[in-house]
Amino acid sequence: MAETQQMKKFKTPSKGTPRAKHPISLDHHIAPQTPQSATPSAINLRRSHRLTAATPEHRPALSSFNTPKSAAKTRKICEDPPSILPTETSINPASPPPVESRKKRKFQEKSAEKRKDSRNVKCKRAADRKVKKKVYHKKVVYDGGEFSAGHDVYVKRRSDASSDDEDPEVEECRVCFKPAGRRVLIECDDCLNGFHLKCLKPPLKAVPDGDWVCCYCVARKNGEVMEFPEPQAGKKRARTAREKLLSSDLWAARIESLWKEVDGTYWFRARWYIIPEETAVGRQPHNLRRELYRTNDFADVEMESTIRHCFVMSPREFANAADGGDDVFLCEYEYEVQWHSFKRIAEIDSNENDGEKVVDNDADWNSCDESDSGSDFNSEEEAAYENEKRNRLSQSSSLRPVAANSRKGQIFGLQKIGAKKIPENLRSRKQTDLEKAKSTLLLATVPKSLTCRDREMNEITTFIKGAICDEQCLGRCLYVHGVPGTGKTMSVLAVMRNLKSEVDAGSIRPYCFVEINGLKLASPENIYSVIYEGLTGHRVGWKKALNLLNARFSDENKCRKDTRPCILLIDELDLLVTRNQAVLYNILDWPTRPNSKLIVIGIANTMDLPEKLLPRISSRMGIQRLCFGPYNFQQLQEIISSRLKGIDAFEKVAIEFASRKVAAVSGDARRALEICRRAAEVADYRAKKTALSSSDASGKTFLLTGKVMAGMADVEAAIKEMFQAPHIQVIRSCSKLSKIFLAAMVYELYKTGIGETTFEKLAMVVSSFCANNGETFPGYDTLLKVGCKLGECRLLLCEPGTRHKLQKLQLNYPNDDVTFALKDSKDLPWLAKYI
Amino acid sequence: MPAFAALRQFPSSDPTSETIVAVTPRKTRLRSDSDAAIGSPLRKSPRLCKEGTPHSSPTASIRKCLKTSLNLSGSPQKKQLSEDFVERQNWNPRDETQRRAANEALHVSTAQMNVVCRENEQNRILDFCKKCIKEEKAGSLYVCGCPGTGKTLSMEKVKVMLADWENEECIQYPDVLPINCTSLANMNDIFSKIIEKNHSGKKRSRSTSSLQQLQNLYSQQTPGMKMILVIADELDYLITRDRAVLHDLFMLTTLPFSKCILLGVANAIDLADRFIPKLRSLNCKPMVITFCAYSKDQIINILQERLRAVPYTVFQPQALELCARKVAAASGDMRKALAVCRSAIEILIGDSMLSSLDGPEDQHKPAENVSMSNQVRIDHVAAALSKVYKSPVVDTIISLPQHQQIILCSAVKLFRGGKKKDTTLGELNKYYVDVCKSTSIPPVGILELSSMCRVLDDQGILKLGQSRDDKLRRVTLKVDGADIVFALQGVRFFRNCLQ
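Going line by line, the protein sequences match chains H and W.
Residue numbers for the first sequence follow this note's numbering, beginning at 1 and rising by one.
Residue numbers for the second sequence follow this note's numbering, beginning at 1001 and rising by one.
Okay, chain H solo, but in the shape it has when bound (with noise of 0.2 angstroms):
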């Protein structure tokens, strides 16, 4: 981010003054300058510049404008180098201008001729290390430039290499296609064309404030024809690396890993962006030019393939940087490539506390370890294995991860998992099989099958086929419902990856899908624009999303783009049960319409939300329901036992113990998988107890040989633990004072037969009881003050203390816990008595 951070340097000053920058030959400095001052002699300019007439709140990205009219508020005015020479070539600035730190320059030294011949690599870390492996590398300087993991890059399209032999660094103007030499170029706001002031008709004086569109594109607009003159026969026009980009003759990634391979080659672990014609919904009338969308899609490149830098910014950044040069790129969301939904990037980077840098850290932590510490890594298996882990590594990190329990726990193969996973090579020794079981039970752990919900899932599966197999996809809607814990959200999940597969496998069409969860909006009426922005990756309000969602599922006539059924995934759907429930209503009436292609499924916990709903709405929702059933003891068994294969734990009975007692209450099997997760923690602590306690002993610290499992007596502290409720542990650790409080009170209580008594009657309880035991009596304020303690923490209800002596007072738990906790009290062993 070094290079935007000094790019911010040279924002204007104020808005609307067109500013030159002047990217100047390598050892100039760099001044900011104004076009008109833009002066022949003033140096080796860069090619082009940005301004931006606009203030950032002007960004449509940052800011609700949805036109596409504002969404071309940039402007470019190009100046170019001085009169490159076909000699000067050499010193092209191939790379965005110098406007940027002392590392850019030095990645300007690297030849404008790219010629992959030349590949004086070196690396900058040690280079003494076996050869029989891959490294990883924080930086590595390639063909001149300085790549590292974070940057942006042109990759080239193997399929037509031939294109990427041309020179793409000189852009020309569009009219006289000469470069545009000591002139200004202006760039047009919609076609992103270079023109020089003096070619245009009128030719321009200066470089106008706000937009300009070249009188092309406003003829195109008017519908005339207007043909871009054609370059003089036998010379092509040059294109440049955005333009080819743009066309989709080249591709951006982003590097997010960088390793040189056993053979000496150089990788790197590239992430895509694609351009918005290359997703489902194609460009749309809001996306920018120089609009990117950063893909969830991964592949090892080589090195060889990159072509230079170029710059993929946020929308801030994008605004800032204004004068960023041709390889300027915006990108604000995340296009899910298997799922053709859209996500705001920093939605995403902000729910995972910046993401990025936690895989940035993770490879120079990689790299570090296997530079320094000379990794245990042999094999060329093991570092397949390290580099598939890496992988999942960042994949996870780069999807949206959830807290644990707001999604119910584990969700089925999407790692969209709430921890993050500790990279497995940091603890040095190996893991016990108790520890292997605690980090398998955790309910992020991403099980790898989904037992005991076959029916169910084949139940989903015909569902949805029989919807999107179609080809005219009529509308449906699925209500699933459930106790909580009993896989619902994760059954679905696995079914859409299923077809998804099925989708890659090319056996059924493509469709998109939007999954959202009801507690995650902020009100219910935000669904609108949820699902809007998912399918199309636009953010606007509700209301107008709701007049473009209605269009685009109930306009039957004309015939839409996009013509892939949708699936929309409602978790929690009572929550968008609103007061006159519109929102569900139209959700709903969707499906009904004509040609809506559009698959509602709902989940919820409510078995009778339907008929909990006005008519009109239950009568929409068709009479597709499937109910997951609580757990029994049997497949909660299986459930856990699937987990820990492999992994020899557990002994049987305590599973079996576990699952019984849970299956008992509520048929949860969150709660079972936790309360085995505490089961096997208390075995651990255990056992290390032991087994250091034994190394104090003798010495000796490899006392483990008795293999500790988690059994019976393990499972019973954990059930304990978790059903045993919070007060009694209160109570047993609260005051003296309290005690002989709640003693009294119990003893009032039972000896009345009423539910509540007066402080009056019960200071004469406790006064006879101090009297009687040899404590002192602390007196009416004092006790008065711990009625009210007790009362804040609610093991009593209480009137207001100001009440004195009349304050009534109840009991707020049974009156066998109250003296359950209090019959060993250890420091107040006389209370029993009177209990």
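Calculated from the structure, these hints are not laboratory results.
Just to be clear, a hint being listed does not mean it is correct.
To be verified - Not the full set, but computed from the structure, chain W residues with beta-carbon under 7 angstroms of chain H: (1) His-1107; (2) Ser-1183; (3) Arg-1335; (4) Val-1388; (5) Val-1455; (6) Asp-1458; (7) Gln-1459.
The C-beta atom is built at its ideal place from N, Cα and C for all residues, glycine as well.
Assemble chain W onto chain H, guided by the hints.
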């Protein structure tokens, strides 16, 4: 007589159709009229018998159904109906296109060419609109009826018919503005939509609200203004707290030079009376047209009409009748009936998949049998119906975890004797602990209990009231105590408990 020529091609297998054909149309009507008149009291008993034995020959009742539908739908239907008896191909559920065709014909979104069974209502609406347009007079009409009775569909149809009529009569076509009130972000938007539609050309002053503009417009004479036909679906969403929007909307039609014809659609029968009593005093109460719930004959009729689009015989007649009867008895909701039919088809497909998987040797069955197995039979429909209408209470209770069963058991004990109808969670806890103690099962804590009660509430077995304090939440049983006793009597523990 091309019609007759067509009619004569019936297969002779069906005697009833032949009798209909043999006589002249006039006679047929007479005949069926008399049949309806005489036959109606008599019809009861044989039907009831027939329902008892669903596998008996269906023809008798179906014949009657057809005749009654003839009566209902009037003479133009006859010819189409007769086509039913033209030999149709057997429907093959394994064939993709055939399956798709059947599914599409039965889907809610597929609008029919002609809406059967609602001609009466449609004509009334149409007449009303025609009258208003001819006289250039404003008016309001309110259409009410249960969900799924074809209100919106009829309005669509009326719109089309109105356009046809205007083309014939060469009357200036009014602007038509269909609005679904659920999709209005703000209720007052309806006025701005009207004014946009009505006066798209004219400039709009920003200072006054759209309602005021409309009121001004309609209270003075402006020549050459077009009529506007506003079709407001789900009108009751316009009911705001002060009912101003609904009131203003209807008042627009009472203004002296109003050009607005308002057709409101909603479920409530008396919406206009309840919410706009002022209209009555002004003597411009909207005309009310009620869409009754469909009767079983109508449902059969509509289903057949829809299935006519498919050139195959998909349903056995008695299967359709079962579906129609059940749905008509419950709600008369056409959407439900369609959903049942579609899920019956799905069940059939699932069956046929299974059988084709099971035994390829079944292929050489008698051909007749195959054709029967390729139709949706009565048992398929029954299975689909049971998905909709069966109450799963007993099964649910049996599959509950034990502690939740104990809670239900203690609740039944608590409410026994009929003294109390509801209790608090604390009280229930006491009973629950007692039951547990009596059988030396360790009880769970009160927090756990309240979360279990919440689960039961979600399943619709208990009802949990709202309270700030967990212990004081009111608990009521939502299912019959007898159901719980019945479900739990299989376990000896509970049987002892409940004695």
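>> Tell me the hint numbers this structure goes against, listed in increasing order.
In response: none
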